[in-house]
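Asker: Each chain is listed here by its residues.
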Amino acid sequence: MNIFISFVLAIISSMLIDNVVLSRFYGICPFLGVSRKVNSSLGMGIAVVFVIILATLICWPLYNYVLVPAGIAFMDTVAYILVIASIVQLVGLFIKKYSPSLYKSLGIYLPLITTNCAVLGVAQSNTDQGLTFLNSIANAMGTSIGFLLIIVTFSCIRVRLESSNTPKAFKGLPIALICAALMAIALVGLQGLFSGIKL
Amino acid sequence: MKREKGYTKKNFLKGIIAENPLFVSILGTCPALATTKTIEAALGMGILFTIVLICSSVLVSLLRKVISEEIRTPAYIVIIATFVTIVKMFTNAFLPELFSTLGVFISLIVVNCIVLGRAEAYASKNNVFDSFIDALGMGLGYTLAILSMALFREILGTGAISFGKIFYFIPYFKLQIIPKNYALSIFQNPAGAFIVFGVILAVIAFITNRKKEYQAYLARQEKIRKAEEAKKLAAQKVAEGGNK
Amino acid sequence: MDKKHYIIVSVTLGVIAASAAALIGLTNLITKNRIEENKKIKINNGIAEIFGKEALIQNEYSFENNEYQYVNYVYEIQKENMIGYAFKTEGSNMYGKISLIVGFDNANSFVSLSIVEDEQTYATALEDDYVAPLISGSRDLDDVSCGATFGAKLVRDMVNDAKKANEEKVWIK
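Protein chains in written order, with the numbering used here: chain A, 250 to 448; chain B, 133 to 376; chain C, 831 to 1003.
By construction, these hints were calculated from the structure, which means they are not laboratory data. Careful, some of the hints might be misleading.
[Stated by the list, open to error] Pair ranges (Cβ atoms, derived):
no., chain 1, residue 1, chain 2, residue 2, range
1, C, Glu867, B, Ile336, 19 to 25 Å
2, A, Leu439, B, Lys297, 48 to 54 Å
3, B, Asn341, C, Glu947, 35 to 41 Å
4, C, Glu947, A, Pro318, 22 to 28 Å
5, C, Ala962, B, Val198, 56 to 62 Å
6, C, Glu897, B, Glu202, 29 to 35 Å
7, B, Lys297, C, Val839, 35 to 41 Å
[Claimed, not checked] Under 10 Å between C-beta atoms, here's a sample of chain B residues computed to sit facing chain C:
no., residue
8, Thr182
9, Leu195
10, Phe215
11, Thr217
All C-beta atoms in this analysis are idealised placements derived from N, C-alpha and C, irrespective of residue type, glycine included.
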């Protein structure tokens, strides 16, 4: 029961308190580039959830059971990025076969998941910090669901911003960044959320 | 193919001002927001980024005739990841403070859009010297951009510039510009990074808009002047024709 | 014609991969020793922080059979004679690894602790809110609610483990 509680707490804290975009700064490029329409950000977020969880499931055993016993633990970056590139290709083929409409609406954003800092960042920090397998899965789930949450919220706000009366110099990206700053401040208030829980 | 004069200088300067990768093309924003808490960390990140960019651009340009179309992307990724791993190991050995400050963001240079973008867009089509100058310009432009962000964040956030903790061969000095009680510590938080980035982009948009308006004003004046001249010429011709 | 093309492609890829692996292996050989040295320098700096600049490590014992959950090494510290013991502990929670050095003097009372490695996201909150007041004496060890509660709980468990190891002193036969 204890393990289950700490698993759930790990997911929630990765998602809200230590949010992947607003606190750890991992997925900023798609966060600023894709979030103009709600539909495309929803599709991008779901695809990223898939890729991050799959990548963690493959990369953690690869590091701990293949690279470290063979003594080549320093090849982790090269191995991870090749694994991630292949996973993105496979997920693309999968989506193309089973749901061509989703594939068309994702368009160019699917190959862009390879250069998403969040995917490589989560895989690399799992092994850099020496987390156990359960904690890595919790970290991956929290990160990806947090990314989905934040990118959808942000795109809803940004659609409203397009039609409002901002000063000319701030139109477009600068006012969106100020909005992101306000969201980041809001999430800082959740620190110390679990201080009363006895574990 | 004859090169126009001053091509190298234009190639170098375009990476710093006209096509600055951070402020104009908005690429590579993840390290720019995360490592700019102190000026030293930003300087270290910029130097490492420039080294990786130059090495990978030169190597891709050397091999551009040998790498065929299908394996382009995996080959570039392996080359870039190799240089990033080498740079990471040297940093861990000789600058351990920088390694623990930057953390996982050294590995994230692999997926930085600038490195991959320059390799595909420029280095795979031009010769070695041009690719070297282009990479040098882009790297320098990126370093100057994140240094300016770090300057604002550190001075407004802590009130002091401190140097010498990471680069231990320089003696440590700390210059307190604003008294510590008046420093706005929000700029050291993640929210402050977004604010500084947004305001800098707004200032650049303002300057660009003013330039565009000025060009449009000059073009309008030119048109009016030409119309007046043509009218004067036509009036002169009529006067001459009347005199004859 | 097609077969020749495939052969060229795979040979190119193989050569690139092999030379990448060779370069990285070479760099590893060059930098391995330096990285080990840096770790030792960090431990010595931590001990100097706790016991003062002239403290030296006299002997070192390692707990190999996992007798304690967190403690890995114990160092005998002396200036002119024995002044105490320092325990090196390592542990991790869901945010990452923490590694401490906990120092006790000859009267078995807690002197100080120094953080060797802390890669958690809220490392500064942990240091400012919990560790600094703990060292200066204005905070109780069990008072763990602060800006980095999980990290503070881990630090408290590691200090208690070191206290237990100091009381039992199994390495003195």
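Asker: Does the beta carbon distance between alanine 962/C and valine 198/B stay inside 56 to 62 Å, or does it fall outside?
Answerer: The hint (56 to 62 Å, Cβ to Cβ) holds, given that alanine 962/C and valine 198/B are roughly 58 Å apart.
Asker: With chain C as the partner, please determine if threonine 217/B meets the hint condition of a C-beta pair closer than 10 Å.
Answerer: holds, 5 Å
Asker: Range hint 48 to 54 Å: satisfied by the CB atoms of leucine 439/A and lysine 297/B?
Answerer: For leucine 439/A and lysine 297/B the Cβ distance comes to about 31 Å; the hint is violated.
Asker: Using the Cβ atoms, figure out if glutamate 947/C sits within 22 to 28 Å of proline 318/A.
Answerer: Between glutamate 947/C and proline 318/A, where Cβ atoms are some 24 Å apart, the hint holds.
Asker: Would you check whether threonine 182/B satisfies its interface hint, that is, whether its CB is within less than 10 Å of any CB in chain C?
Answerer: violated, 19 Å
Asker: Between glutamate 867/C and isoleucine 336/B, is the Cβ distance one that fits in 19 to 25 Å?
Answerer: Since the Cβ atoms of glutamate 867/C and isoleucine 336/B sit about 46 Å apart, the hinted range of 19 to 25 Å is violated.
Asker: Given leucine 195/B as an interface hint, is the shortest Cβ-Cβ distance to chain C below 10 Å?
Answerer: holds, 8 Å
Asker: Given phenylalanine 215/B was flagged as interface, is its beta-carbon under 10 Å from a beta-carbon of chain C?
Answerer: holds, 9 Å
Asker: With 35 to 41 Å as the target window, see if lysine 297/B and valine 839/C comply at their CB atoms.
Answerer: Distance hint for lysine 297/B, valine 839/C is violated at roughly 48 Å.
Asker: Taking the CB of asparagine 341/B and the CB of glutamate 947/C, does the distance hold inside 35 to 41 Å?
Answerer: Since the Cβ atoms of asparagine 341/B and glutamate 947/C sit about 49 Å apart, the hinted range of 35 to 41 Å is violated.
Asker: Between the beta carbons of glutamate 897/C and glutamate 202/B, is the distance compatible with 29 to 35 Å?
Answerer: violated, 57 Å
Comparing the model with each numbered hint stated earlier shows that hints 1, 2, 3, 6, 7, 8 do not hold.
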